[in-house]
Amino acid sequence: MRFSLLAIVAVALTWTDATAQMSRQRAEPNRPVAELFWAPTVIGTASVTNLSAGDLNYTIKHAFGLVSSGVENLYGLDGAANIRFGIDYGVTDWLSLGFGRSRFDKVYDFRAKANILRQTVSGSSPVEVAVMGDAGITTVKSGFELPDRMSYAGMVMFGRRFSDKLAVQVSPMVSHINTVFIERASDGTVLREENTHFGVALAANLKLNELFAVLLEYVPVVGDRSDGTVDAFSVGLDIETGGHVFQLFFTSSDWLIEQHMLARNNDDFFAGDFRWGFNVNRVFAF
Amino acid sequence: MRAYLIAAVLLALAIPVRGQAYMTDSGRAEFDSRVPLHTFTGTSDVLVGRISLPDSTVDFYLDLETLDTGIGKRDKDMKKTLETDTYPFAEFFGKLVSPFDPAGGTQPAVVRGTFTIHGHSQALEVTGTLEPTDDGLRLQAAWELNLDDYEIKPPKLLVMKVDPVQQMRISALLLPESESGT
Chain Z
1 MRFSLLAIVA VALTWTDATA QMSRQRAEPN RPVAELFWAP TVIGTASVTN LSAGDLNYTI
61 KHAFGLVSSG VENLYGLDGA ANIRFGIDYG VTDWLSLGFG RSRFDKVYDF RAKANILRQT
121 VSGSSPVEVA VMGDAGITTV KSGFELPDRM SYAGMVMFGR RFSDKLAVQV SPMVSHINTV
181 FIERASDGTV LREENTHFGV ALAANLKLNE LFAVLLEYVP VVGDRSDGTV DAFSVGLDIE
241 TGGHVFQLFF TSSDWLIEQH MLARNNDDFF AGDFRWGFNV NRVFAF
Chain S
1001 MRAYLIAAVL LALAIPVRGQ AYMTDSGRAE FDSRVPLHTF TGTSDVLVGR ISLPDSTVDF
1061 YLDLETLDTG IGKRDKDMKK TLETDTYPFA EFFGKLVSPF DPAGGTQPAV VRGTFTIHGH
1121 SQALEVTGTL EPTDDGLRLQ AAWELNLDDY EIKPPKLLVM KVDPVQQMRI SALLLPESES
1181 GT
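Chains Z and S, in that order, give the protein sequences.
Mapping the first sequence onto the numbering used here, position 226 (from 1) lands on 226, and the numbers just tick up by one.
Mapping the second sequence onto the numbering used here, position 133 (from 1) lands on 1133, and the numbers just tick up by one.
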C-alpha cells in the first residue's frame, strides 16, 4: 500500500512536469477598464477619458448653422461655423493640460483634466472620477479689461463602464462668465443673462462594434438660467480609424467649450433647431 | 524492500526532472507593425515562459494588456482589436524538436507546437537560439504572425490599413526552476 502511494506520487510528479501547461496569470488583475469614451471629449463637453502620459491630442471641432435653414443654405453648411482648434497633452497617465481657440468670440481657453479614480476590472473601484477646469479669454475688440473677458468652467465627471458596449457619465458642472449683458429684444422684452449657471451633463457611449459607437450628450441647466438659454442636446457617431477618432454629430449648440455650451445655447434640439458638426481627434507621441 | 527501492528510484527520477526545467516571468516580447508610411514597435517585459529539457516541453504566454507601443491611445485601440478582455493571452505550447546540448554553446533551436491568440490557434514552428549560461538558458526567437490567420481585424478606414504580417521577437533568460522563485 505504501509502495503504491509512493509510486503514484512519483509518477504524478513526473507526469505533471511533462505534460501540464503553466496556469495563466494576468499581469495586473486590478487594471483599469477599457476607456469609457474614445476621445477626451464626448461631443461638446469633456469626457472622463484622459490622455496617457506623453500623448498629444490635436482636436478640430466644427459646428455649422442650423439644418432648418434649408437647402438654400445647404442645411446649415453655409452658415457661420464655430471652429475650435485645440491641443491637449498627457503630462501623466492621470493629468492632461491643454489649450484651444474658438472662432466665436475669439476665445482662447486653457484647461486641465485630472483623473482621481479609475474604474477597475476587479470591481475594487466601480466608477471613474475626473475633474476638469477651463479658463477662457474672449479676445474680440471691445475695450473690456482682461478680468471682464474671462469665463470659466468646472466639471466633476463620474463615469462607469457597465458592459463592453455601454459607458455612461454624469457630470455636475458650473459655468461662470464674468461679463454678461442685459438686452432689449425687438419686441421690447428685456433679456437678462446670468453670470453663473449650474448643470449636470449626462453622456453615454454605446459601442456598435470596434469601429463605431453612438454618442449621446445632454447638458441641462439646473437652477437659474439666462433668458433664452436652452438645455443643449447632441447625438453623434464615434468612428475609430486606428489613428484618428472622428466624431460626427447633430447638436443644438454651436458653442464648443463647456462654459458657453451650458450658459449660452439658445437652440432647442427637439424643436428642430440642430446643426451638423464634427470633431477630429488625432493622437501623436510627444 | 524491492518495492521501496523502485519507488525511491521513481522519486529520484522525478526530482531531477523538476530540477531541469527553466523559467522566466520577465522575458521580452516585441512586434513590429507596419502602417502606411510608418512602422511602430510594441514591447512587453513580462513574457512568462518555461522550458523543461527532459521532456522538451516549451510553454510561453504573454498578457497582451502589457504591450506598449509608445502611444497610449494606440495601445488602447490595439487592445480593443485584440479583445484582450475576452482573450487576454498570446500563448505557445509545444516541444523542442531540435537536439540540445546543455553543455554546448549557443545552439539553433526549433520548437513546434500551437500558438494561440485572439481565441484562435494555429500550428507553429519557430526557429531561434538557445544558449546555456552560468545563470540558466538564454532564448531568442523570431517569426512572422499573420493577423488574418487569427481573425484579428485592425481598423482600416482611410489610409491607416495595418499590414497583417507582424514581425515577432522574443528573448529571455530562463533560470533553473528552483532558483527562479516561480
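The hints are simulated quantities; they were obtained by calculation from the structure and are not laboratory data.
Be a bit skeptical, because a hint or two may be false.
Some, not all, of what chain S presents toward chain Z, calculated at C-beta under 10 Å [stated by the list, open to error]:
(1) PHE1040
(2) THR1057
(3) ARG1169
In silico PhoX-like cross-links for lysine-lysine, where the CA-CA straight-line distance does not exceed 25 Å [said to hold, decoys possible]:
(4) Z:LYS165 to S:LYS1079
(5) S:LYS1079 to Z:LYS207
(6) Z:LYS165 to S:LYS1153
(7) S:LYS1095 to Z:LYS165
(8) S:LYS1095 to Z:LYS207
(9) Z:LYS141 to S:LYS1153
(10) Z:LYS207 to Z:LYS165
Note that the structure is predicted; figures quoted are calculated from it, not measured.
Built from N, CA and C at the ideal position, the CB exists for glycine as well.
Right, here's what the structure says about each hint:
Hint status for S:PHE1040: holds, given a least beta-carbon distance of 9 Å to chain Z, under 10 Å. Taken as an interface hint, S:THR1057 checks out: its beta carbon lies about 7 Å from the nearest beta carbon of chain Z, inside 10 Å. Look at S:ARG1169: its Cβ only gets to about 19 Å from chain Z, farther than 10 Å, so that hint breaks. For the hint linking Z:LYS165 to S:LYS1079, the alpha-carbon distance of about 15 Å falls within 25 Å, and the restraint holds.
Distance check on the hinted pair: S:LYS1079 and Z:LYS207 sit about 15 Å apart at the alpha-carbon level, within 25 Å; holds. For the suggested pair Z:LYS165 and S:LYS1153, the alpha carbons sit about 18 Å apart, so the restraint of at most 25 Å is met. Between S:LYS1095 and Z:LYS165 the CA atoms are separated by roughly 40 Å; this puts the pair beyond 25 Å, and the hint is violated. With a C-alpha separation of about 41 Å, the suggested pairing of S:LYS1095 with Z:LYS207 is violated against the 25 Å cut-off.
Restraint check: the Cα-Cα separation between Z:LYS141 and S:LYS1153 comes to about 52 Å, which exceeds 25 Å; the hinted pair is violated. With a C-alpha separation of about 5 Å, the suggested pair Z:LYS207 and Z:LYS165 falls inside the 25 Å cut-off, and the hint holds.
In this structure, the earlier hints numbered 3, 7, 8 and 9 are contradicted, and the remaining ones agree with it.
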